[in-house]
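Chains as they are written, first to last, in the numbering used here: chain R, 14 to 294; chain B, 90 to 519.
Errors might be hidden in some of the hints.
No farther apart than 30 Å at their CA atoms in a straight line, the calculated lysine-lysine pairs in the DSS-like style are these [to be verified]:
#, chain 1, residue 1, chain 2, residue 2
1, R, Lys-135, B, Lys-284
2, R, Lys-264, R, Lys-135
3, R, Lys-181, B, Lys-513
4, R, Lys-181, R, Lys-135
5, B, Lys-513, B, Lys-396
6, B, Lys-513, R, Lys-135
Pulled a few chain B residues facing chain R out of the computed Cβ check, cut under 8 Å [claimed, not checked]:
#, residue
7, His-109
8, Asp-259
9, Ala-329
10, Pro-330
11, Thr-401
12, Ala-405
13, Ala-408
14, Ala-411
15, Ser-412
16, Leu-422
17, Gln-424
Quick caveat, the hints were computed from the structure, so don't treat them as lab data.
Treat the numbers as computed from the prediction; the structure is a model and nothing was measured.
Yeah, the Cβ is synthetic: ideal placement off N, Cα and C, and Gly gets one too.
Residue-level listing of the chains:
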Amino acid sequence: MAAVTPQSEDHDKATTMPSETEVVGTPFVDTPCMRVRDVSVRYGGTAVLHNVSLDIAHHEALALIGASGSGKSTFLRCLNRMNDTIDDARVSGEIRIDDDDIHGRDMDVVALRARVGMVFQKPNPFPRSIYDNVAYGPRIHGLAGNRAELDDIVHQCLDRVGLLAEVKDRLDASGTSLSDGQQQRLCIARTLAVGPEVILMDEPCSALDPIATARIEDLIDALRERYAIVIVTHSMQQAARVSQRTAYFHKGQLIEVDETDRLFTNPGHRLTEDYITGRLG
Amino acid sequence: MAWVLEDARSAVAASLRRRHARERRFRLLGLAAVLVGMLFLLLLFVTVLSQGIGAFRQTELMLPMDVTAAQVDPLGDGSRESLAAGNYDAVVREAIHRSLPGTAPRADRAALVALVSVEAGFRLRDRVIAAPELVGQRVELWVPSSDDVDLYVQGRVNRDTPLAARELEDRQFDWVDALAAEGRVVRVFNTALIKNGDSRNPELAGVRAAFRGSLYMLAVMLVLAFPVGVAAAVYLEEFAPRNRWTDLIEVNINNLAAVPSIVYGLLGLVVFINWLALPRSAPLVGGLVLALLTLPVIIISARAAIKAVPATLRDAALALGASRVQTVFGHVLPQALPGIITGTVIGIARALGETAPLLMIGMVAFIADIPRSPLDPSTALPVQVYQWAESPDPSFVARTAAAIMVLLAFLFAMNLLALMLRRKFEGHAG
């Protein structure tokens with residue numbers, strides 16, 4: 014697990030923090046993978062996210078919790094600019110991945126999404142074969158030189174999500190013919206195939222039964238070795254099980270970020286406490 | 090609280106009966122609606138079929154033709170030119186007279202000639218030109234009867250039919266009976282109906298020219314309306330920003346779909362014929378007009394089909410780093426294609442059944458020649474139906490129904506094709 018320590022006062026990024034933000038806990042880490050500063054989102058006339066600043070560390074699973082409408086999914090969609098697909102969404106603020114500004118001139122959104130993968134709430138495999146589902150990303154990005162390399166990528170990725178043994182005899186079967194849990198793991202494999210650094214997960218288990226959920230959670234833990242993972246979840250048990258740090262959102266504001274153990278045992282903000290003890294949301 | 094509960098229960102029980110009754114009534118109503126619809130459809134098919142089936146067969150008479158050099162070889166050299174100039178009608182005339190003993194060649198001439206089609210002479214001529222050695226021989230040849238004889242053989246007219254309602258007299262019926270007794274009357278498949286263009290003689294009139302015209306218009310529409318319509322729908326649905334301009338465009342497209350078809354015909358007349366000087370009566374112009382007519386329908390249905398593609402599919406592709414174009418053409422369109430095809434085919438099929446716009450661009454005309462290109466004067470199947478329907482001749486009434494059957498078969502074939510394509514793409518996508 015990455016060293017998660019409170020950032021020192023004299024760190025250069027600290028100066029960009031807005032003065033009114035009073036986030037409790039440890040939003041910043043040394044050598045972050047992604048750095049989010051002062052990000053706000055408006056949908057048309059409504060502000061849904063206010064001045065969020067937060068770091069995402071390498072090799073960590075960061076859980077985003079909060080009631081519906083708290084802005085945690087919106088925040089997640091900022092990280093790979095999926096909000097671009099919503100016509101009247103306006104994102105302000107700065108987000109960097111390895112020091113590259115994701116809204117910068119030389120950052121192509123296509124390239125960004127190859128670096129920041131996303132897994133959705135409802136399993137959404139393409140209505141194509143299992144093989145083609147995983148091969149799609151490498152194909153459009155030209156990651157494989159030939160068929161053998163592509164085969165290799167597909168097998169590796171399916172293996173990494175524990176799906177290879179289950180489907181290796183029917184790679185030609187439609188992705189939609191799998192069970193829900195398998196479909197979600199296929200979607201994760203598909204994301205891995207483009208070689209991302211960060212994987213965003215938007216309530217990946219909310220459509221799954223407990224057994225499939227457990228498999229995904231184990232998988233998240235294993236994937237953390239190579240990727241940074243940001244997971245939105247409604248289940249505080251899940252957040253506690255899979256994440257190292259947890260961020261609590263409330264009405265579009267980031268209230269508290271802390272090591273998961275600490276946040277759940279000793280919340281630093283009254284709103285956080287109310288939420289995790291069930292008095293709120 | 091107990092009394093409240095009691096009340097609620099009895100109220101629910103009472104309302105349940107009402108609700109069930111209403112449900113039953115509605116279901117019966119729906120069933121009745123379906124049955125009425127089926128009944129009308131059945132009525133349509135039965136009328137068309139019963140009226141038109143006769144037109145698919147044509148009576149032919151076998152006549153012994155004495156092909157004499159004096160009549161068919163005026164130049165006397167047996168050359169092609171000479172044979173082509175021969176008087177074959179005279180040969181046919183004599184053949185009828187000969188096969189009906191007791192008829193007077195001069196006094197009965199008109200009545201005798203009325204038995205056979207004008208085609209008889211041409212058929213004999215073609216036969217003789219193809220085989221010049223027949224000159225000087227007797228040839229037993231099957232030739233088409235006149236449509237009046239055909240009606241009699243079919244049983245549509247007989248001796249009880251008032252004279253005003255039939256062309257033949259009783260003695261001509263007797264002659265046909267006499268020929269039939271010798272086995273010289275037979276009904277065969279009416280090849281003229283599918284091989285010929287329009288004709289003033291019902292027994293020679295066919296739908297070939299109109300069919301060709303419709304086919305050319307279909308091709309022009311497919312080439313034009315389908316790609317343009319789908320491209321417009323994709324742009325509006327996937328790429329265009331939502332603002333006042335796109336709203337305006339959307340409203341206008343919806344309005345265009347409701348513009349009466351004859352207005353499109355006027356537009357075609359002004360733009361394509363007067364300004365662009367394209368030929369009048371050409372299926373190219375007809376196709377252009379019908380393409381304009383179908384475009385809004387295709388755009389609307391294609392947009393609906395694209396809109397129905399779940400957003401999660403788009404998200405999946407975009408999140409993997411696919412560009413907008415890759416997402417649309419790789420995922421959204423394949424998924425929407427079955428719906429787009431259905432909408433397009435319905436639109437095109439509707440347009441192919443249109444008569445009014447063709448009126449304005451001169452495609453309502455008597456066309457005997459089969460068009461060889463989309464620029465040749467032509468007509469269309471529904472126009473052919475309209476033209477034949479104007480004739481009071483009972484033979485044309487039958488041919489009207491036959492043309493309707495051809496038109497319906499054409500449209501059914503298109504729908505079937507669309508269904509097959511739909512299955513294919515659904516199978517591919519699913």
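So, going through the hints one by one against the coordinates:
1. With a C-alpha separation of about 59 Å, the suggested pair Lys-135 of chain R and Lys-284 of chain B falls outside the 30 Å cut-off, and the hint is violated.
2. Taken as a hint, the Lys-264 of chain R and Lys-135 of chain R pair is honoured in the structure, with Cα atoms around 24 Å apart against an allowance of 30 Å.
3. Of the supplied pair hints, the one linking Lys-181 of chain R and Lys-513 of chain B holds, its CA atoms being roughly 27 Å apart against a limit of 30 Å.
4. A threshold of 30 Å between alpha carbons decides the hint, and for Lys-181 of chain R with Lys-135 of chain R the separation of about 24 Å falls inside it, so the pair holds.
5. Note on Lys-513 of chain B and Lys-396 of chain B: the hinted pairing holds, with a Cα-Cα distance of about 21 Å set against a maximum of 30 Å.
6. Under the criterion of a C-alpha separation no larger than 30 Å, the hint pairing Lys-513 of chain B with Lys-135 of chain R is consistent with the structure, at around 27 Å.
7. Because the closest C-beta pair between His-109 of chain B and chain R is about 36 Å apart, greater than 8 Å, the hint is violated.
8. For Asp-259 of chain B, the shortest C-beta to C-beta distance to chain R is roughly 73 Å, which exceeds 8 Å, and the interface hint is violated.
9. This hint is violated: Ala-329 of chain B has a C-beta 10 Å from the nearest C-beta of chain R, more than the 8 Å allowed.
10. Look at Pro-330 of chain B: its Cβ gets to within about 7 Å of chain R, closer than 8 Å, so that hint holds up.
11. Taken as an interface hint, Thr-401 of chain B checks out: its beta carbon lies about 4 Å from the nearest beta carbon of chain R, inside 8 Å.
12. For Ala-405 of chain B, the shortest C-beta to C-beta distance to chain R is roughly 5 Å, which falls under 8 Å, so the interface hint holds.
13. A least Cβ separation of about 4 Å between Ala-408 of chain B and chain R falls short of the 8 Å threshold, and the interface hint therefore holds.
14. Taking 8 Å as the C-beta cut-off, the interface hint given for Ala-411 of chain B holds, the closest approach to chain R being about 5 Å.
15. For Ser-412 of chain B, the shortest C-beta to C-beta distance to chain R is roughly 6 Å, which falls under 8 Å, so the interface hint holds.
16. Look at Leu-422 of chain B: its Cβ only gets to about 13 Å from chain R, farther than 8 Å, so that hint breaks.
17. About 7 Å separates the beta-carbon of Gln-424 of chain B from the nearest beta-carbon of chain R, less than 8 Å, and the hint is met.
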